[in-house]
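In case you want the letters, here they are:
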Amino acid sequence: MTATTTAATVTPVGRVLALATTEVLLILRNKTVAVSSILLPVGLGVFWTFQFSSYGDPARQAVSITLQLAVALAMGIYITATQTLVARRQARVLKRMRTSGLSDRGLLVATLAPSVVLGLLQLAVFAVVNVATGAPMPVDPLPLVLAVLGGLALVVTAALATSVITPTPERSQITTLPLMFVILGVGVVASLAPAEGWWPALMLAPGAAVGDLAQLAMTGGSWTAATAGLPAILPALVATVGWPVLFGTLALRRFRWDPRH
Amino acid sequence: MTQTTDRAGPGATASPDTQLAIAVHGLHVRYGDFEAVRGIDLDVRRGEIFALLGTNGAGKTTTLEVLEGFGTRSGGTVAVLGLDPATERAALQVRMGVQLQEGGFVEELTVGETLALWQRLVDRPDRPERLLERFDLRARRDVSVGKLSGGEKRRLDLALAVWGSPELVILDEPTTGLDPESRRRTWDAIQELQEAGRTVVLTTHYLEEAEALADRVAIMHEGRVAVTGTLAEIVAAQPARFSATLPAEIADLPELRGTTQRDGERVQVRTDDLQGDLTTFLSWAAARGVRLPDLRAAPASLADIYHAVRTDQMEVTRP
Chain A
1 MTATTTAATV TPVGRVLALA TTEVLLILRN KTVAVSSILL PVGLGVFWTF
51 QFSSYGDPAR QAVSITLQLA VALAMGIYIT ATQTLVARRQ ARVLKRMRTS
101 GLSDRGLLVA TLAPSVVLGL LQLAVFAVVN VATGAPMPVD PLPLVLAVLG
151 GLALVVTAAL ATSVITPTPE RSQITTLPLM FVILGVGVVA SLAPAEGWWP
201 ALMLAPGAAV GDLAQLAMTG GSWTAATAGL PAILPALVAT VGWPVLFGTL
251 ALRRFRWDPR H
Chain B
1 MTQTTDRAGP GATASPDTQL AIAVHGLHVR YGDFEAVRGI DLDVRRGEIF
51 ALLGTNGAGK TTTLEVLEGF GTRSGGTVAV LGLDPATERA ALQVRMGVQL
101 QEGGFVEELT VGETLALWQR LVDRPDRPER LLERFDLRAR RDVSVGKLSG
151 GEKRRLDLAL AVWGSPELVI LDEPTTGLDP ESRRRTWDAI QELQEAGRTV
201 VLTTHYLEEA EALADRVAIM HEGRVAVTGT LAEIVAAQPA RFSATLPAEI
251 ADLPELRGTT QRDGERVQVR TDDLQGDLTT FLSWAAARGV RLPDLRAAPA
301 SLADIYHAVR TDQMEVTRP
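If you read the protein sequences in the order shown, they are chains A and B.
Take UniProt numbering: the last position of the first sequence gets the number 261, and nothing is skipped along the way.
Take UniProt numbering: the last position of the second sequence gets the number 319, and nothing is skipped along the way.
Please note: incorrect hints may appear among the correct ones.
[Stated by the list, open to error] Estimated spans, in silico, between C-beta atoms of each pair:
| # | chain 1 | residue 1 | chain 2 | residue 2 | range |
| --- | --- | --- | --- | --- | --- |
| 1 | B | E211 | A | V35 | 51 to 61 Å |
| 2 | A | T249 | B | H307 | 44 to 54 Å |
| 3 | A | A127 | B | A90 | 52 to 62 Å |
| 4 | B | G103 | A | V13 | 54 to 64 Å |
| 5 | A | S103 | B | G103 | 14 to 24 Å |
| 6 | B | G103 | A | W198 | 42 to 52 Å |
| 7 | B | E35 | A | L204 | 34 to 44 Å |
| 8 | B | F34 | A | F181 | 33 to 43 Å |
| 9 | B | E35 | A | F47 | 33 to 43 Å |
| 10 | B | R30 | A | V245 | 21 to 31 Å |
| 11 | B | G103 | A | T224 | 50 to 60 Å |
Keep in mind that the hints were calculated from the coordinates and are not lab data.
This structure is a prediction, so every number in the text was calculated from the model and none was measured.
Note that CB positions come from ideal geometry on N, CA and C, so glycine has one too.
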């Protein structure tokens, strides 16, 4: 068999982009996935913005921002990423792609990137809505940036870990529910909780750091001494790093590329 | 075959032999308490078609997965194109094409999109047009993979495996579920690979496929290689058989070197000396004036050997 060659030069980044753009195309092509991962979270996020109007109160706005972050992270990214991973594994697409020139890391990045990009787009929509409705701006943007980055790390590693215990794409609708509700619920409570007494212990729950960081971004005081004289932001920072490390370690040990094993 | 190393884990590579595309020695694969592969040796020469036969659960796919760099071995040494697949999979990916046993497609993508994506993912240059043409998929270019027939999916699968004509092609049951015509065309494509100097390793349930394609075969059973070699070697090592129908009134039989089995009027002889025993039998029949209209004689078939392995009649070669 004689291969008619073409001068194709495929770079590692080019390969990741090729698969990632295909994944985006597939999300947009699948109406059910498109609605559940784009329209529903955006609709809910915008609805909550108007429902829980902050009336110019930064503390109330922190709750609104937390809800928006939790919706984009948990409903937008976490669920879509888990579903995509499990669907590709069950259909042996991950196994097939491992026989191409993609590295394992590149394969995961390409498979997860579209969910992350769509989630970030949702956050961009929320930001525009917040600005357009004259909501209060953060007094300290750094915790908000950390909330976004830490939240991304949390839901991406959680998706990898959840895929381990999810046998079919359909089952992901159940296996993702507990963490989704925890992120939504705990995040909102944390955005309201003071940084005193036993409240920082709330950071033991995944997603709480997002709410806490949103509150610190809106009301300030990140570096004010709180429990045990430590900076108020510290528990949230530890949780922001800790949960992704835990989920990432679980995923690293147990992640399956092939439904057979 | 000499076992060079035992219980060596990933990273331990057999000394590269330029004549061998694959060298496996003492391979063990364990999943928890279950040992799927129990110490096998395999040598695949460059440019040959090598068939791995065996029942479901014999360990064929597990062995292939180790060769592809996807399975974790718990012992033994493996060299594929001189590389250890456990630690050098990236280098191996460029030189090896793999056809999965099933699936592996994003069913929402069309055939054309699947090939176009593959072109952007694989390091071996090739053209979708050539493969659409070669595997008779041109008319299906704009059809979603999910709407292809089973045979068309297998052809697309093969097209991805042979993309860019890799040095080594591993095919896991390439013709399972295909109609005879599709099977024939797949065989042609596999033989073309060999003519181009490529090495092909395939697994199959079909004995006629191994007989039609393979230079050498290995028959696996319960995680072990029961028998390996060229078809001629394997067949020659097994007893041939002949059979005939005798009139009921003939009660006695001649003394033969082989094993004689009589079931009513039917006599069946399994022998390592087909010519000698057949001559004795025919002389004996001629002396009694017995006609043998349905006399049949044949060397052992691969089916006989396969059956013997499956029913534990053949001693399993232990490494």
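For each hint, the structure was consulted:
no. : hint                         : verdict
1   : B/E211 to A/V35: 51 to 61 Å  : 54 Å, holds
2   : A/T249 to B/H307: 44 to 54 Å : 50 Å, holds
3   : A/A127 to B/A90: 52 to 62 Å  : 40 Å, violated
4   : B/G103 to A/V13: 54 to 64 Å  : 28 Å, violated
5   : A/S103 to B/G103: 14 to 24 Å : 22 Å, holds
6   : B/G103 to A/W198: 42 to 52 Å : 51 Å, holds
7   : B/E35 to A/L204: 34 to 44 Å  : 42 Å, holds
8   : B/F34 to A/F181: 33 to 43 Å  : 38 Å, holds
9   : B/E35 to A/F47: 33 to 43 Å   : 57 Å, violated
10  : B/R30 to A/V245: 21 to 31 Å  : 30 Å, holds
11  : B/G103 to A/T224: 50 to 60 Å : 56 Å, holds
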